[in-house]
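J.: Each chain, written out:
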Amino acid sequence: MAEAAVANRDYPRVYGKVGSLHRERAWALRWAYVSLILASIIFLAPPFYMLVTSIKTNVEMADQSLNPWIVRNPTLEHYWAILSNPIFLTFFKNSIIVTILVVSVTMVISVLAAFALSRMRFWGSQVLATGVFLTYLVPDTLLFIPLYQIVGGLGLLNSIWGLVLVYPTLTVPFCTWIMIGYFASIPKELDEAALIDGATWPQMLTKIFIPVALPGIIAATIFAFTVSWAAFVYPTAFITRPDQMPLTIGIVSQLVRGDTFAWGQIMSGALIAALPPVVVYVFLMDYYIAGLTAGATKG
Amino acid sequence: MAQVSLRKLVKEYEGGVQAVKGIDLDIEDEEFVVLVGPSGCGKSTTLRMIAGLEEITSGEIAIGGDVVNDIPPRDRDIAMVFQNYALYPHMSVYDNISFGLKLRGFTREEIKRRVDNAARILGIGELLERKPKALSGGQRQRVAMGRAIVRDPKVFLFDEPLSNLDAKLRVQMRTEIKQVHQTVRTTTVYVTHDQVEAMTLADRVVVMNHGVIEQVGPPNELYRNPATIFVAGFIGSPAMNMIPARLEQAGGGGLMVQLGEGLSVPVPEERTARYAPHANRDLLFGIRPEHLTEATRIDKQNLAPLTVKLDVIEPMGMETLVHFHIDGTSVCGRVDPAAGAEAGVRMALAAHMEHMHLIDKGSGKVL
Ligand SMILES: Nc1ncnc2c1ncn2[C@@H]1O[C@H](COP(=O)(O)OP(=O)(O)OP(=O)(O)O)[C@@H](O)[C@H]1O
Ligand SMILES: [Mg+2]
Chain H
0 MAEAAVANRD YPRVYGKVGS LHRERAWALR WAYVSLILAS IIFLAPPFYM
50 LVTSIKTNVE MADQSLNPWI VRNPTLEHYW AILSNPIFLT FFKNSIIVTI
100 LVVSVTMVIS VLAAFALSRM RFWGSQVLAT GVFLTYLVPD TLLFIPLYQI
150 VGGLGLLNSI WGLVLVYPTL TVPFCTWIMI GYFASIPKEL DEAALIDGAT
200 WPQMLTKIFI PVALPGIIAA TIFAFTVSWA AFVYPTAFIT RPDQMPLTIG
250 IVSQLVRGDT FAWGQIMSGA LIAALPPVVV YVFLMDYYIA GLTAGATKG
Chain Y
0 MAQVSLRKLV KEYEGGVQAV KGIDLDIEDE EFVVLVGPSG CGKSTTLRMI
50 AGLEEITSGE IAIGGDVVND IPPRDRDIAM VFQNYALYPH MSVYDNISFG
100 LKLRGFTREE IKRRVDNAAR ILGIGELLER KPKALSGGQR QRVAMGRAIV
150 RDPKVFLFDE PLSNLDAKLR VQMRTEIKQV HQTVRTTTVY VTHDQVEAMT
200 LADRVVVMNH GVIEQVGPPN ELYRNPATIF VAGFIGSPAM NMIPARLEQA
250 GGGGLMVQLG EGLSVPVPEE RTARYAPHAN RDLLFGIRPE HLTEATRIDK
300 QNLAPLTVKL DVIEPMGMET LVHFHIDGTS VCGRVDPAAG AEAGVRMALA
350 AHMEHMHLID KGSGKVL
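Chains as they are written, first to last, in numbering that gives the first Met the number 0: chain H, 0 to 298; chain Y, 0 to 366.
These are computed hints drawn from the structure, not numbers from a lab. Just to be clear, a hint being listed does not mean it is correct.
Said to hold, decoys possible - If you only want the chain H side, here are some residues facing chain Y, beta carbon under 7 Å, derived:
no.	residue
1	P73
2	E76
3	D139
4	L142
5	L189
6	L194
7	P214
8	A218
Using N, Cα and C, we set each Cβ at its ideal position, and we do this for glycine too.
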């Protein structure tokens, strides 16, 4: 046995294998880069086209003989038109109000629900946890008809408050599901230590669970933000008054007049609308990664 | 500072598993009591009921004279150290230790005084700013103990606090726990499955098996006079030899233990009255390895000669373990390294009969 092990160690094929591992790794890396670059090109082409279009003059846009990917006389006129249009600022304001409220409501509900479902054993808590996830599987394209009845019954059609009411039906189940997973990964002894240290249930949540599960909370926040900022089906169904529209449908409804598409303004509006998610992602992603590695490097 | 008493304590988990089957135990003020027993015997369950983390099915727990059955953990004035330390990962060592004090509204100065005191006792003064992730296992264990010490509770509860540490550190931390107890003198209940840990730490050891208490007593008492076959086999390493035997009348009113293979050893005179009622019965003859030695001073009283063929010898340096068989039962003895023990060779051993035990096979009681 021992002899065989010694013999094996000097066996040249072992070295050969190490070499081929290196080579395999190099190949894998090369392929990874190639596919990442391809994916980036595919995903970045539409926003780039939007950018190019948004800084063209209307004349240049209409000229079929020119290469559509190149700008000759860049202009910011569409941006000025959009930003000086009060209705556009109203859309923006509506989107911000709706999103902030929805994210807040979602996080409060789903953190509390996940805490209860993952830690307080009560009759039916298992079934409830599964039920929460199942509701997430029902698509909004199916739900907007019955929800129209409900929102209408409450007199909230044509109001951003109707959106604040219905968006959480999309966000809460999934965020609760994420948070249940994060809370479940916190060892039970941690709550027990806190209980013995003298914490009440609310203190345990605010002083132990929320800080420890911060990466999960940020992931859930990003999800809720994305859903409510980009929601399209519900506002299309529930809102027809321009002063109550969020950006997503506002741009489409105000800048498309019959057959006339104000392409320059549509594109610049869409780009401005896409800016907040990018900012939020960049800011929270940094925070998210910092949260994951905190303590590992500190001290 | 307080006594802890358990009265007819029962724990039945959902599904009808009885983890603790009605135990009674009185723990004195300032006492260090160790619950020891094999895996699944209900040690942790008992400790967790004292802590208030597990509901009591029936019975009563009193801490410092007050029944605490319906009092939540935070109001029982206890502190607990867990096997996996359970440090709060997002807090510095200082915040971990002071968390309980902050929740209880201590002043900043008082908290600092207590944390510094605990840090001094445990030697973790330089670690106070670190996060738990940046600590070694032993350091984490100290922080967990610090969290218990600063509270100055009535009772310390430990659940296998050393089993995640390597062997060397375990021995070192064992000493430290004992030193801490001698400094703060808080009543302590300590759970372990390691009998060496139990023997070395405890004022009194509680041996549990299958949800009942087998025996309670000071370590040496348990070692010398086990009450049951379970305790006899559990305490001590290598374990006590138990050889099927028959107790027989000998000439002159004496008793003999027949071991089979023609081997027999005489019962010491002072034990004849105690064992006489069991004469002519099949029993187990129990004797610890250190009471089966080389036969050099055979003239000494109560040494019975026993010549056997050795199967295996294990030199340990300080002594040599010899293994042999009597009538198919494997037996272990401990001889002097210079006694010339050799595998496959017959050797004259001596049984120190004043340390013998006779065990009733049916009831498991030591006679
Ligand atoms: N939550 C639970 N539900 C059902 N049965 C349980 C539960 N916790 C423990 N038990 C059972 O109760 C018995 C005693 O468990 P306990 O944890 O007290 O053992 P222990 O003596 O601490 O063992 P170990 O040395 O392995 O920690 C075991 O048979 C175990 O399977
Ligand atoms: Mg246990």
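J.: Would you check whether P73/H satisfies its interface hint, that is, whether its CB is within less than 7 Å of any CB in chain Y?
T.: 49 Å, violated
J.: Under the criterion of a CB-CB separation shorter than 7 Å, is L194/H in contact with chain Y as hinted?
T.: 5 Å, holds
J.: Would the hint on E76/H stand, with a C-beta cut-off of 7 Å toward chain Y?
T.: With a closest approach of 51 Å, the E76/H hint is violated.
J.: Should the interface hint for P214/H be scored as holding, given a Cβ-Cβ cut-off of 7 Å against chain Y?
T.: With a minimum Cβ separation of about 11 Å from chain Y (threshold 7 Å), the hint on P214/H is violated.
J.: Against chain Y, with CB atoms and a cut of 7 Å, does the hint on L142/H hold up?
T.: With a minimum Cβ separation of about 38 Å from chain Y (threshold 7 Å), the hint on L142/H is violated.
J.: Hey, does the D139/H contact hint survive, CB to chain Y under 7 Å?
T.: 36 Å, violated
J.: Measuring from the C-beta of L189/H to each C-beta in chain Y, is the shortest one below 7 Å?
T.: It holds, given that the least Cβ distance between L189/H and chain Y is near 5 Å, below 7 Å.
J.: Minimum Cβ distance from A218/H to chain Y below 7 Å?
T.: 17 Å, violated
Going down the numbered hints, you'll see the structure goes against 1, 2, 3, 4, 7 and 8, while the others check out.
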